Amino acid sequence: MLMEKNFDRSSSSDLTFRFGTCTKDCYGACVFSGLWNDNNIHQPLKKTIPSENHPFTQETFCPKFSNKIGSIYHPSRLKHPLKRMNEKPCPISDFNTISMDDAWEILNQKLLDIYIKYGPEKLLAAFYSGNTGLLSQYSPLRFFHQINALVTNGGICNEGGCAGLSQLFGTYSLSHPLQILRPESDLIVIWNSDLTNNNNHAHLLVRKAQQRGAKLVVIDSRRTKIAEQADYFYQISLNTSHLFSLAIIREILQKKAENKEFLNKYVKDWEVIKSLIENLEFINLLKILGLTQNDLEEITSLLIENMEHSLFMIGYGTQKDRFGGYYVQIIALLQIILGNIGKAGAGIIYSLSDHKREIKDKIISKIAPQSSNYFANEDESLNIIKLADILKNRDIKLLFIYNFNPASSLPNQTFLREQLKREDLYVVVLDCFPNETMAFADLVFPMKMSVETNDLVSSYYMPGLSITQAGPCPYPDCNSSHEFFNQLGIDIGHQLSWSKGILNLFKTNSKELVEECLHVLSSEQQTNILNHGYTLFFKPEDIFYKDMSFATRSGKIELDSIKSYLSEFHLATIKKIQKEPDELFLYTPHHPRFLHSQLGEINQKFHADFSKAFMNPGDIDKFKLQLGENVKIYNKIGEGIYEVAKMDSLTEGMVLIYSGGPNRHPLTPNANFFTDPQPELLGHSGSYFMGTIRLKSLK
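Position 394 (the sequence shown) corresponds to 394 in my numbering; numbering is contiguous.
For the record, the hints were derived by calculation from the structure and aren't laboratory data. Since the model is a prediction, treat every value here as computed from it, not as a measurement. All clues stand as given, with none of them false.
Distance condition first, Cα-Cα at most 30 Å in a straight line; then the derived DSBU-like pairs of lysine-lysine:
(1) 265 to 539
(2) 386 to 636
(3) 215 to 256
Computed Cβ-Cβ distance ranges for the label pairs, DEER-style:
(4) 699 to 617: 16 to 22 Å
(5) 395 to 58: 49 to 55 Å
(6) 392 to 604: 31 to 37 Å
(7) 59 to 395: 50 to 56 Å
Even glycine gets a Cβ: it sits at the ideal position worked out from N, Cα and C.
Please model the complete structure; the sequences and the hints are all you need to start from.
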C-alpha cells in the first residue's frame with residue numbers, strides 16, 4: 001500500500017520520492033517531499049520540498065529547521081553505542097565507543113538483573129515529544145507494559161491550558177487556524193505568542209488577514225516582531241494576562257455590553273461569576289499591568305465593536321505558571337461574555353489535538369495495544385514534570401530515556417541532577433545527538449532520525465494525520481525506537497519465557513504497522529495520505545461547536561472552576577507578582593533558532609546567547625550594570641554567572657535567560673536551574689515563568 005515512487009520531475013532515475021513529516025515538537029508538523037538517492041551510502045537524502053498544497057504550511061518550512069539535511073548528516077550525530085567510563089556527570093569524551101553486540105549484551109544483562117532482584121516497579125521509562133511520531137512515542141509502550149515497568153505520563157508544555165479550557169467547554173479545541181482567513185474575522189487578538197519565531201505559518205495567515213482588512217491586537221510582555229506589525233499593542237507585565245482580561249471584563253460589565261442572549265442561553269452559572277467579578281478588589285491594577293486607563297478603554301471598545309467577530313490566539317507561555325490553567329480560563333471568559341464561541345471567524349485557538357481525538361486514540365491502540373489502560377488510569381505521581389521525585393521516592397534502579405532531554409527541559413535542575421547521578425541508578429539514553437542528559441547516562445544508543453523511519457504524525461495545531469516513509473540510514477548501529485524495543489522485547493521475552501503470542505507483538509515491522517494504522521481512516525483519508533502525504537480531520541470552512549453543544553455535564557459552558565479561582569486564588573496571584581525591589585521576574589523562553597534543546601548542531605553561532613542575561617536598558621541602569629559584565633544570578637534553588645546583555649523589547653522588571661541551550665561553562669547553568677519545581681495546578685505542566693531572581697555584580 002505504501003508504495004514509493006520514482007520522482008518523475010527529475011531527470012535522474014536514481015532518485016526516489018518519499019513523503020516526510022517534520023516530527024519536531026512544533027506547530028507546523030511540516031509535510032514535505034524527500035528526494036532520495038538510495039545508492040548514496042553517505043548522504044542518501046538529497047533534497048526536501050515543502051508540501052505545495054497544505055493549507056497551513058503553504059509551501060514553507062519554519063526557519064529553525066529549513067536545513068534538514070545539514071542536521072541529519074551532521075558530524076556530531078551519534079553513530080555508535082557509548083559506554084560511560086567515569087563518574088556522573090561526565091562529558092562525551094568520558095564515554096567509550098563500543099560495539100552494538102557488546103552494548104546489547106550489557107543492556108540485556110543489566111535489565112534482567114534489576115528485574116529479577118528488585119521487580120518491575122524499579123524500572124521506569126521517561127519519554128516526551130522530542131520526536132512526535134506516533135510510533136516513535138508509543139510503540140515502546142508494548143515492551144514497557146508487557147514487562148510491567150513504570151511509565152511517565154503527562155507533559156511539560158501546554159497541559160495547564162488544555163485542562164483549564166476542558167473544564168469550561170469539555171474540550172480545548174474550539175477553533176482552527178484557517179478561521180483566521182474567514183472574512184467574518186474582523187479582530188484577531190494574540191495573547192502571549194511570538195508567532196514570528198515560534199509559529200511562522202500562523203503568522204503568514206495573520207498577515208494575510210490584515211491585508212484583507214482585519215485588525216490585529218497583540219498582548220505580550222515583549223515587543224516582538226508581530227507586536228510591531230499589530231494595529232494595537234499592549235505591553236503588559238509578565239504573568240498578568242489574566243488580570244488584563246479581568247479588567248476588560250469589568251469594563252464591559254460596567255458598560256452593560258456583555259452578550260446577554262448568549263450568556264443566558266449557553267452558559268451555566270454566569271450570574272454567580274458576574275457577581276464575583278463585580279465585587280473583586282483591584283488595587284493599583286493598571287500600575288501592575290503597566291498600562292493606562294486609555295489603554296483599557298481602547299481595547300474594551302475594540303472588543304465590543306467586534307462582538308461575535310473576534311478571534312483569540314493564546315500562546316502556551318500564558319499557562320507556564322502555578323495558576324496558568326486558570327489564566328487561560330480567564331482569557332477564555334472574555335470570549336464567552338462577548339459570545340465569540342461557535343461563530344465563523346471567531347473563537348479561541350489554543351491546541352487542536354482534541355479535535356477528532358478518537359481517531360488518534362484508535363491508532364495509538366494499534367501501536368500499543370495496552371495504551372487505553374495507560375491513558376485511562378494516569379497516575380498523577382508519575383507525571384513527567386515530577387521525574388526527580390519519581391526517581392527518589394520510588395527508588396528507581398533502571399531508567400530508559402527516549403525522545404526527551406530532562407537534564408535540559410525540566411525545572412529545578414539541581415534536584416533532578418542529584419537523582420540522575422546516583423550510582424545505584426542505571427540510565428539508558430536513546431538519542432540522535434549528544435545532549436545534557438547524556439552526561440548522566442551509563443549506556444547510550446544512537447537512534448535514527450525521523451526521515452529514516454516509517455511513522456505517522458498527528459499535528460496538535462492542524463487536526464489531521466501525515467506520514468513519513470523511511471529512507472535509508474547510512475549508520476548501521478542506529479535504530480528507530482520501534483526497532484529498538486521490538487528487539488528488546490524479543491530478547492527479554494525469550495529470557496522470561498513469554499508466550500508465542502506475546503512475542504509476536506514485537507515482530508511487526510514499522511511499515512506493516514503504519515499500514516495497519518491507516519485502516520482506521522476512511523478510504524478518502526487514506527487516499528489523501530498516499531497522494532499528498534497528509535489528510536485533515538476537518539474542512540477549512542468548518543465552524544467548531546456551531547451547534548453550541550459541549551461535552552460538559554450540562555451540555556453548556558460551565559464556569560465552576562472560574563468560580564473556584566475567583567474565590568480562592570485571585571488574591572494569591574496578585575500577591576505573587578508583588579516582587580521585592582531588588583528582584584526581577586525570570587522569563588525563560590526557548591531561543592528563536594532552537595526548538596527547546598534541539599537544533600543546536602545547526603545553529604552553533606547562537607550558542608553564546610545562552611550565557612547571557614537579557615534586560616531592559618532601564619533595569620541595567622537601575623542596577624548600575626554595564627553591558628558585557630558578568631553578574632551572579634541566583635534564587636533559592638539555583639545560581640549561575642551570566643553576561644549582561646540588552647534587549648529593548650522587554651518590559652522593565654524582568655530578565656530573560658534562554659532555556660534549552662548547551663551548557664557552555666559549568667558556572668553558566670541551564671536556565672531551568674532557577675525555575676520553580678511546583679507544577680501548574682490544573683494540568684500539572686511546568687511553572688516555568690513563575691520565578692524571580694536576584695543579581696549581583698561581580699566587579
